[in-house]
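Trainee: The residues making up each chain are set out below.
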Amino acid sequence: MTSGGLATFQDAFARALLAVDPAAGGDEAIRRLAAQPGFAVYRNTVLKGCIDALQANYPAVTRLVGEQWFRAAAAVFARGALPAHPALLDYGAGFAEFLESFAPAAELPYLADVARLERLWGEAHVAADAPLLDPAVLARLGPRQMTQARLVPHPAARWRWFGQAPIHTIWSRNRACDGGSGEFDWRGEGVLLSRPSGEVLQRPLEQAGTAFLDACAGGQSVHDAVIAALDVDGSADFSALVTTLLAAGAFGALERRDHEET
Amino acid sequence: MNRSLAAGLGLKPQHFDDALACAAPGLWFEVHPENYMVAGGPRLAWLEAIRGAHPLSLHGVALSLASAEEPDARHLDRLAALVGRFEPALVSEHLAWSTWRGAYRPDLLPAPRSRELLERVVANIGRAQDRLRRRIALENPSHYLAFDEHEFGEVEFLVEIARRSGCALLLDLNNVFVSSNNLGYDAARYVDAVPGDLVAEVHLAGHSEDPQHGAALLIDSHDAPVADAVWALYERLVARIGPRPTLIERDEQVPSFDQLMAECRRAQGVLTAAAAMPEAA
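Going line by line, the protein sequences match chains D and S.
Residue 69 is where the first sequence starts when you use our numbering, and the numbers rise one by one after that.
Residue 250 is where the second sequence starts when you use our numbering, and the numbers rise one by one after that.
Don't read these hints as lab results, they were simulated from the structure.
Possibly wrong hints are sitting among the right ones.
[What the hints assert, rightly or not] In silico contact screen, one side only, chain D against chain S (beta carbon under 7 Å); selected entries:
#1 Q78
#2 A82
#3 A103
#4 P105
#5 G106
#6 Y110
#7 V114
#8 L150
#9 P154
#10 L188
#11 H193
#12 G266
#13 E267
#14 L269
For every residue, glycine included, the Cβ atom is placed at its ideal position computed from N, Cα and C.
Required output: the full structure, derived from the provided sequences and hints.
Mentor: Now the structure itself:
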C-alpha cells in the first residue's frame, strides 16, 4: 500500500471519480490509475447508477422533459448529491428543490411540484405496512368523543395541496403510459396517495381535505382539524370528507381522548 | 454452505409472475437486498411470495467491506432484518468498497490488496457475520485497473480472508474472465488456484466490449448471455470441485424469463453431469 494508507487512497479515488479532470489531483498513485482507460469504467458506472436510480424514482418528470434532458439534469444533481445510503429507492430527496433552482428548468415552473408528488408516491410505496382504521370504530363514538378524538394518518398516506397548477393531473397523465388527454383546467389541485392494500392508489383531494389531514398529522383533535379545514374552505362538507378519507385508507388509527374507556 | 441448491436466477421485477409460477425443481432466486431495504409495501410482499415458493439468496452490493471503516451500522441492521425475515439459503457480498464518508457510490470500487486492507476486510466480515449470525460468501469483483501497489495476488488474498474470517467464497467466473482479459493473466490458472472447499456459490453472467477500447477492455455489463469462454471456465471448475449452487445473472437488456431459464438449464446440465461423477480431490 502507498504511504498514505487505505483511507487516503479512498479519499483520493473518490475525489477523482467525480472530478472534471480525474488525473489532475495531487496523488501520484491516483494519477497513474486515472491515466488508464479502465478508470472511466468506474466513473461511468457510479454516475450511471445514480442517474438510473433517479430516472426510476421520477418517471413522470422524465416523461415531461424527455430522457436525454432528464439524464443530463440528473447527472448535475448526482455530482452534487451522491446517495447517502445504498437503498436507492430513497435516492433523490432534494431533487425537486434542485429542479426549482436549475436554470434550464425555468421554462417549466410546475416541474418541481411534479417531482414533489413523485417523491410522495415513492414514500407511500415503501412506507410501513399497518392496518387501516375501521370506519365502524368511528361510527360507535358519540359526537363529543368524536370531536375530542385524534385521527392518526396511515403510515403510507401522503397528501399535498398544489396551489399553482394542476399538478395531480399533469403527474398522473405522465406517470401512466396511456398519458390521458383533454384540456387542462389550469388551477390548483390537491392529491391523496394511500396504500389500502397492495399498490399505491391516488385520488384528487380538495384543499379542505389536505388541511384536515395536515392538522391530523400534527396531532390535533378532530375538532381542531375541522376548524383547520373550514379555515381554507368554509363550505367544506366535513361528513363527506371523512367518509372519503376513511374509504381511501388515509387513516391508520383513532386515539380517544375523552378518557371514558380504553 | 448449501450444496443442495442447483442452478438459480437473478430475479428481475419484470419476471416476478413467471418466477412465482415456475415449478422447475431446485430453482432458486437471488436478489440484491438493497432493493428491499424498505419499511413495507408491495416489494416486500412480492419477495415474501417468491420466498414461499423457492429458496432465496441475498447478494449484497453495498456493505463496502473493503472500506477503511466499519460497515454502516444502519445498513447492517437492515440487512440483518432481511436475513431474519426471509431466511435465505445464501448470503454474499463483494471484495469492494462503495460507501465512504457518508456517501454511497453505486459501484464495486477497487483498492490495493495490502496488508492493511486484508486486516480491515477480515475485521469487517467478522462484524457482518456476527451481526447476521451466519457465514457469508465473498465475491471476486471485476477489475479494470492495474495497481502497482498490490502486495497479494487476488486468489491468495481471498483465500487468506476466508481462512481468517471463516467466510466462504463466491466465485464469479465472468468477473475472472473479464479481469484476466483486462489485466492480462490466465483465467484458467486463476480458477484452478481457488480451493474448492471454500467455494459456496458460482456466478455466471455476460459481458460486453467497451465502446471506445473494444476487446482490450471488457465490461462486466450483465447485458448479454453467458459467453462460451465463461461456460468453459465453469465446466473446468465444476469438473474439479463438483457441483455448487450456480447463478445466472442478467441486469441489462433483460430477455424473457424463458430465455434466462434456458441458460439456467444449461448450468444445471453441467451440475448434473458432475454430480454423477466421483468428486475429485
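Trainee: Hints broken by the structure, by number, lowest first?
Mentor: When the structure is compared with the hints, numbers 3, 10 and 14 turn out to be violated.
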